[in-house]
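*Asks:* Sequence:
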Amino acid sequence: MTIKPLNDRVLIEPAKAEEVVGGIIIPDSAKEKPLKGIVRAAGNGTKDEEMIVKPGDTVLYGKYAGNEIEIDGEKLLMMRQNDILAIVVE
Numbered sequence: 003m004t005i006k007p008l009n010d011r012v013l014i015e016p017a018k019a020e021e022v023v024g025g026i027i028i029p030d031s032a033k034e035k036p037l038k039g040i041v042r043a044a045g046n047g048t049k050d051e052e053m054i055v056k057p058g059d060t061v062l063y064g065k066y067a068g069n070e071i072e073i074d075g076e077k078l079l080m081m082r083q084n085d086i087l088a089i090v091v092e
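Residue numbering for the sequence shown follows the numbering used here, beginning at 3 and increasing consecutively.
Read the hints as simulated data drawn from the structure, not as lab findings. Hints are not guaranteed to be accurate.
Straight-line C-alpha distance at most 16 Å; calculated EDC-like pairs for lysine to aspartate or glutamate [said to hold, decoys possible]:
# : residue 1 : residue 2
1 : Lys38     : Glu92
2 : Lys38     : Asp85
3 : Lys56     : Glu15
4 : Lys56     : Asp85
5 : Lys6      : Glu72
6 : Lys65     : Asp85
The model shown is predicted, which means the values in this text are computed figures rather than measured ones.
Build the full structure now, drawing on both the sequences and the hints.
*Replies:* Shown next, in the form of structure tokens:
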């Protein structure tokens with residue numbers, strides 16, 4: 003399925019949470035929500051806000067940012083560009 007976000011919305015694939023720490027397996031309920039992800043799709047922006055992020059960018063976002071959605075069994079985040087804190091430049 004192809005998703006095209008509208009306006010200033012962005013679809014993000016969150017980074018995988020750390021599962022093993024020092025040989026101890028951490029259950030899903032104790033894993034910390036990742037704050038980093040890859041932009042999978044982005045809208046065209048609005049007349050007041052130009053889209054800065056683009057698909058493929060690695061971004062940092064707030065702990066409670068966005069709405070979690072599931073597409074084809076994959077958990078993704080849909081959020082506004084304003085909820086993104088930074089683009090990671092490597």
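*Asks:* When the structure is checked against the list of hints, which entries are broken? Sort them ascending.
*Replies:* none
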